[in-house]
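**Q** Below are the chains, spelled out letter by letter.
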Amino acid sequence: MDLSAFAIQLFSGLSRGMVLFLLSAGLSLIFGVMNILNFAHATLWLVGGYVTYSIFEFLSAQLGVSPWHILPAILGATALLGLAGFLLERFLISRTYARELPEQLLLTFALVLIIGDLIKLVWGVENRRISLGIEPIEMLDTFVNPYHFVIIAAGIAVGLGLWFFLHRTRFGKIVRAAVYSRNMVSALGIRIPMIYAGVFALGVGLAAFAGGVFLPLLPMALGVDHDVIVQCFAVVVIGGFGSMLGTFVAAIIVGVVYSFSILFWPDGALAMIFLIVILVLIWRPWGLFGTELRY
Amino acid sequence: MSWWSRLYARHGLSGPVAVALLVFFLLVPLLPGKFWTHVSTEILILGLFAMSFNLLYGYMGQISFGHAAFFGLGAYATAMVFTRLKTAGGEIGMIDFFLSLLAGPPIAALGALIVGFFCVRLTGIYFAMLSLAFGELLYYIVFSWYSFTKGDDGIQGLLPPQFFQDPVHYYYLTLAIVIAALIVMWRITESPFGYIMRTLRDNQRRAAFLGINVRLHMLVNFVIAGAFAGLAGALWGPFSRSVSPTLLGWQESGIAVFMTLIGGAGSLMGPLLGSVIYTCLQAVVTMFTSYWPLAIGTVILLIVLFAPGGVLGLVEKRIKARHGAAAAAEFAAEIEAADGET
Numbered sequence: 156m157d158l159s160a161f162a163i164q165l166f167s168g169l170s171r172g173m174v175l176f177l178l179s180a181g182l183s184l185i186f187g188v189m190n191i192l193n194f195a196h197a198t199l200w201l202v203g204g205y206v207t208y209s210i211f212e213f214l215s216a217q218l219g220v221s222p223w224h225i226l227p228a229i230l231g232a233t234a235l236l237g238l239a240g241f242l243l244e245r246f247l248i249s250r251t252y253a254r255e256l257p258e259q260l261l262l263t264f265a266l267v268l269i270i271g272d273l274i275k276l277v278w279g280v281e282n283r284r285i286s287l288g289i290e291p292i293e294m295l296d297t298f299v300n301p302y303h304f305v306i307i308a309a310g311i312a313v314g315l316g317l318w319f320f321l322h323r324t325r326f327g328k329i330v331r332a333a334v335y336s337r338n339m340v341s342a343l344g345i346r347i348p349m350i351y352a353g354v355f356a357l358g359v360g361l362a363a364f365a366g367g368v369f370l371p372l373l374p375m376a377l378g379v380d381h382d383v384i385v386q387c388f389a390v391v392v393i394g395g396f397g398s399m400l401g402t403f404v405a406a407i408i409v410g411v412v413y414s415f416s417i418l419f420w421p422d423g424a425l426a427m428i429f430l431i432v433i434l435v436l437i438w439r440p441w442g443l444f445g446t447e448l449r450y
Numbered sequence: 022m023s024w025w026s027r028l029y030a031r032h033g034l035s036g037p038v039a040v041a042l043l044v045f046f047l048l049v050p051l052l053p054g055k056f057w058t059h060v061s062t063e064i065l066i067l068g069l070f071a072m073s074f075n076l077l078y079g080y081m082g083q084i085s086f087g088h089a090a091f092f093g094l095g096a097y098a099t100a101m102v103f104t105r106l107k108t109a110g111g112e113i114g115m116i117d118f119f120l121s122l123l124a125g126p127p128i129a130a131l132g133a134l135i136v137g138f139f140c141v142r143l144t145g146i147y148f149a150m151l152s153l154a155f156g157e158l159l160y161y162i163v164f165s166w167y168s169f170t171k172g173d174d175g176i177q178g179l180l181p182p183q184f185f186q187d188p189v190h191y192y193y194l195t196l197a198i199v200i201a202a203l204i205v206m207w208r209i210t211e212s213p214f215g216y217i218m219r220t221l222r223d224n225q226r227r228a229a230f231l232g233i234n235v236r237l238h239m240l241v242n243f244v245i246a247g248a249f250a251g252l253a254g255a256l257w258g259p260f261s262r263s264v265s266p267t268l269l270g271w272q273e274s275g276i277a278v279f280m281t282l283i284g285g286a287g288s289l290m291g292p293l294l295g296s297v298i299y300t301c302l303q304a305v306v307t308m309f310t311s312y313w314p315l316a317i318g319t320v321i322l323l324i325v326l327f328a329p330g331g332v333l334g335l336v337e338k339r340i341k342a343r344h345g346a347a348a349a350a351e352f353a354a355e356i357e358a359a360d361g362e363t
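Chains A and B, in that order, are what the protein sequence lines are. Using the numbering used here, you'd call the opening residue of the first sequence number 156 and step up by one each time. Using the numbering used here, you'd call the opening residue of the second sequence number 22 and step up by one each time.
Hints were generated in silico from the structure; no laboratory data involved. Using N, Cα and C, we set each Cβ at its ideal position, and we do this for glycine too. One or more hints might be untrue.
[Stated by the list, open to error] To list a few chain A residues with every Cβ distance to chain B over 10 Å, as calculated:
| no. | residue |
| --- | --- |
| 1 | ALA216 |
| 2 | PHE241 |
| 3 | VAL299 |
| 4 | ALA309 |
| 5 | VAL340 |
[Unchecked claim] Some chain B residues judged to face chain A by a derived CB distance under 7 Å, without partners named:
| no. | residue |
| --- | --- |
| 6 | LEU143 |
| 7 | TYR147 |
| 8 | MET150 |
| 9 | LEU151 |
| 10 | ALA154 |
| 11 | LEU158 |
| 12 | TYR161 |
| 13 | ILE162 |
| 14 | LEU282 |
| 15 | TYR312 |
| 16 | PRO314 |
| 17 | LEU315 |
| 18 | ILE321 |
| 19 | LEU322 |
| 20 | VAL325 |
| 21 | PRO329 |
Input sequences plus hints: build the corresponding full structure.
**A** Next comes the structure, spelled out in C-alpha cells:
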C-alpha cells in the first residue's frame with residue numbers, strides 16, 4: 156500500500172471514529188454516572204437525525220433553500236431530544252434504580268422497540284437524508300467529501316467541550332464526584348436525582364447532536380440503530396466504562412481498525428472489532444482507560 | 022388437600038403449570054386448521070431456547086446477551102449436516118434426518134465451552150458484554166464467511182422426510198424432544214448441582230468459601246445451557262426449512278430474555294409460559310398490524326415497571342399473600358381461643 160492510499164484510509168477511519176465518538180460519548184457518560192447501559196441510545200440518535208431532518212425541511216419550506224439551515228436544525232434537535240431525555244429519566248428510568256441490572260437493561264431494550272416503531276409511525280419507512288450540495292474535493296489523488304472534516308472537527312470540539320465541562324465547571328465536578336461516590340455527594344446536600352436527570356438529558360442530547368451531524372453524510376434508515384448500538388457498546392467497553400478519554404481513544408481505534416480491515420476482509424470488518432472487544436474484556440475487563448476500582 | 026395444591030407444595034408453581042401446559046400442548050393439533058399447530062411448534066422451540074437461557078439467568082444469576090449464538094450454532098450444524106446428507110432431489114432419509122438433528126447440541130456445546138471459558142471469569146455487566154461480543158463475533162463470522170456458511174443468504178431447502186412434512190407430525194416430534202429435554206433440565210436444576218447454581222446466584226463469595234469451584238461450576242452450567250440452546254436450534258432449521266445468520270444476532274438473544282422475563286425467571290416453567298404468551302401475542306398482533314415491536318415493547322415496559330417477577334411471579338405473590346392472610350387469621354383465632362380458656 157502506498158502512502159497516499161494509507162493516508163486516505165487513515166482519514167476515513169478517523170472520520171468514522173469521530174462519528175462513533177459523538178455517538179458513544181453520551182452512552183459512556185450515562186453509564187459512568189448512573190450505571191445504566193442504555194440500549195436505546197442509538198435509537199435516540201436515530202430520532203435525533205429524523206428530527207433534524209424535519210426541522211431542516213420545515214426551515215427550507217418557510218425560508219427558502221439554504222444549506223445553513225442545518226445549524227439551527229441540529230441545535231433544535233439537540234435541545235428537543237435533551238428535553239425528551241430529561242422526561243424519560245424522570246418518568247421511566249428513575250423507577251428502576253432500586254432494581255437489578257437485567258431489569259434496567261430490559262427497560263431500555265423495550266424503549267428500542269417502542270421508539271423504533273414510533274419513528275416508523277411518524278416518518279414512515281423511507282430513508283431520510285439531507286443533501287447540502289457539497290462538491291467532493293481532490294486530496295492525495297482521490298476525491299473525498301469535505302464534510303468529513305466537519306465531522307472530525309465536531310468530534311474534537313465535543314470532546315474538548317466535554318472535558319472542559321467535566322473538569323472546569325461546578326456541575327461537571329459534581330458529576331465526576333457522583334461517579335465515585337453517590338452517597339458522599341448526596342450527603343453534601345446535592346440532589347442526586349437532578350444530577351441524574353441532567354446527565355441523562357445531556358447524554359441523549361449528545362446522541363441527537365451526533366444524529367444531526369451525521370445526516371448529510373449518510374441517510375437515516377429504520378433499523379440502523381440495531382447495528383450501531385453494538386458498535387457503541389464496543390467503543391465504550393474498549394475505552395473503559397465511564398472514561399471519556401477512553402471513549403475518545405477507543406472510538407478512533409475502532410474507526411481506524413474498521414477502515415483498514417475493510418481493505419483486507421470487507422465483510423469481516425465488524426468481526427475484527429468484536430475480536431478487539433473480546434481481547435480487551437479478557438485482558439482488562441475495566442477497559443483501556445477505566446479504573447480497576449469499578450470492576 | 023387437593024392433588025393440585027399438593028403438586029404446588031412439592032414443586033412450586035412449576036408443577037401445576039407443567040401439567041396445564043402439557044394438556045394444552047397435547048390438545049393443540051385438535052384445533053381447526055394448521056395455523057395453531059405451526060405456532061405451537063414455534064412456542065416449543067423458542068420456549069426450549071428461553072429455558073436454556075434461564076439456566077444461566079434464573080439459576081446462575083448471570084445475564085447473557087449472546088445466548089442466541091448457541092441457538093444459531095446448533096441450527097447451522099444441523100443445517101450443514103442436513104445439506105450433506107440429503108439426496109440431489111432434496112430428500113432425506115429418516116436416519117439421516119435424526120443424525121443431522123443430533124449434530125446440533127454437541128457443536129453448540131463445544132462453542133459454549135470455548136465462549137464460556139472466558140465468560141465465567143466475569144460477572145454482571147462484564148459477563149453480559151463479553152457474551153454479547155462473542156455472539157456478535159460469531160454472527161459476523163457466519164455472516165461474512167460465504168464459502169462455508171452461505172453468508173447472508175442462509176441455507177435453504179431443509180425439507181424434513183415425508184412423514185415429518187406434516188405439521189402435526191413435526192409438532193409431536195418437537196413436543197416429545199422438548200418434554201425429554203425438560204425432564205433432564207428439571208433433574209439438573211433439582212440436583213445438588215442445581216442448588217450450587219442457586220448459591221452462585223445468591224452469593225458467589227460464600228460459595229467459594231464453602232469450597233465450591235466457582236468457575237468450573239459456572240462453566241459446566243454454561244455448556245449445559247449452550248447444548249440445550251443448540252438442541253432448540255437443531256429443531257428450528259427443519260421447522261422453518263431454512264437458517265440465516267440473524268439466528269445468532271443479539272436481537273434473537275433478546276427474544277429469550279423477553280420470554281424469560283414475561284413468564285418469570287424464578288421457576289423452571291416460567292420461560293416456557295413466557296414463550297406461550299410471547300409467541301401467541303405475536304401471532305395475533307401481526308394479523309392486524311405491522312407494529313408488533315411497539316406492542317411487545319409496551320408489554321415489556323409494563324412488566325418491568327409493575328410485575329418484575331413476570332406472570333408466574335405475580336401469581337406466586339398472590340398465593341403467598343392469600344396463604345399469609347389465612348395463616349394469620351388461623352393464628353389470631355388460636356390466640357383468641359387460648360385467651361378464652363384462661
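**Q** Hint by hint, say whether it matches the structure.
**A** Status of the hints after comparison with the structure:
1. Every CB of chain B lies more than 10 Å from the CB of ALA216 (chain A), the least distance being 29 Å, so the non-interface label holds.
2. Every CB of chain B lies more than 10 Å from the CB of PHE241 (chain A), the least distance being 19 Å, so the non-interface label holds.
3. Separation of VAL299 (chain A) from chain B is adequate, the least Cβ-Cβ distance of about 26 Å exceeding the 10 Å criterion.
4. Non-interface status of ALA309 (chain A) relative to chain B is upheld: no Cβ of that chain comes within 10 Å, the nearest being about 27 Å off.
5. Residue-level check passed: VAL340 (chain A) sits 22 Å from the nearest beta carbon of chain B, beyond 10 Å.
6. Hint on LEU143 (chain B) holds. Least Cβ distance to chain A is approximately 6 Å, under the 7 Å limit.
7. Hint status for TYR147 (chain B): holds, given a least beta-carbon distance of 5 Å to chain A, under 7 Å.
8. Because the smallest distance between the Cβ of MET150 (chain B) and any Cβ of chain A comes to about 5 Å, under 7 Å, the interface hint for this residue holds.
9. Interface restraint check: LEU151 (chain B) against chain A, minimum CB-CB distance 5 Å, threshold 7 Å, status holds.
10. Residue-level restraint check for ALA154 (chain B) holds (minimum Cβ-Cβ distance to chain A is 4 Å; threshold 7 Å).
11. Here the hint on LEU158 (chain B) is kept, as its CB sits about 4 Å from the closest CB of chain A, short of 7 Å.
12. The criterion of a C-beta within 7 Å of any C-beta in chain A is met by TYR161 (chain B), whose closest approach is roughly 4 Å, and the hint holds.
13. The beta carbon of ILE162 (chain B) is positioned within 7 Å of a beta carbon in chain A (closest approach about 5 Å), and the interface hint is therefore held.
14. Given hint, LEU282 (chain B) at the interface with chain A, holds; its Cβ is 6 Å from that chain's nearest Cβ, closer than 7 Å.
15. Using the Cβ-Cβ criterion of 7 Å, the hint placing TYR312 (chain B) at the interface with chain A is satisfied: the shortest such distance is roughly 5 Å.
16. Annotation: interface hint on PRO314 (chain B) holds; nearest CB of chain A at approximately 4 Å, less than 7 Å.
17. Below 7 Å, beta-carbon pairs count as interface contacts, and LEU315 (chain B) has one with chain A at about 4 Å; its hint therefore holds.
18. The beta carbon of ILE321 (chain B) is positioned within 7 Å of a beta carbon in chain A (closest approach about 4 Å), and the interface hint is therefore held.
19. At a threshold of 7 Å, the smallest CB-CB gap from LEU322 (chain B) to chain A is about 4 Å, leaving the interface hint in force.
20. For VAL325 (chain B), the suggested interface contact is upheld, since its CB lies about 5 Å from the closest CB of chain A, less than 7 Å.
21. Against a cut-off of 7 Å between C-beta atoms, the interface hint on PRO329 (chain B) holds, since the closest Cβ of chain A lies about 6 Å away.
Hint compliance for this structure: no hint is broken.
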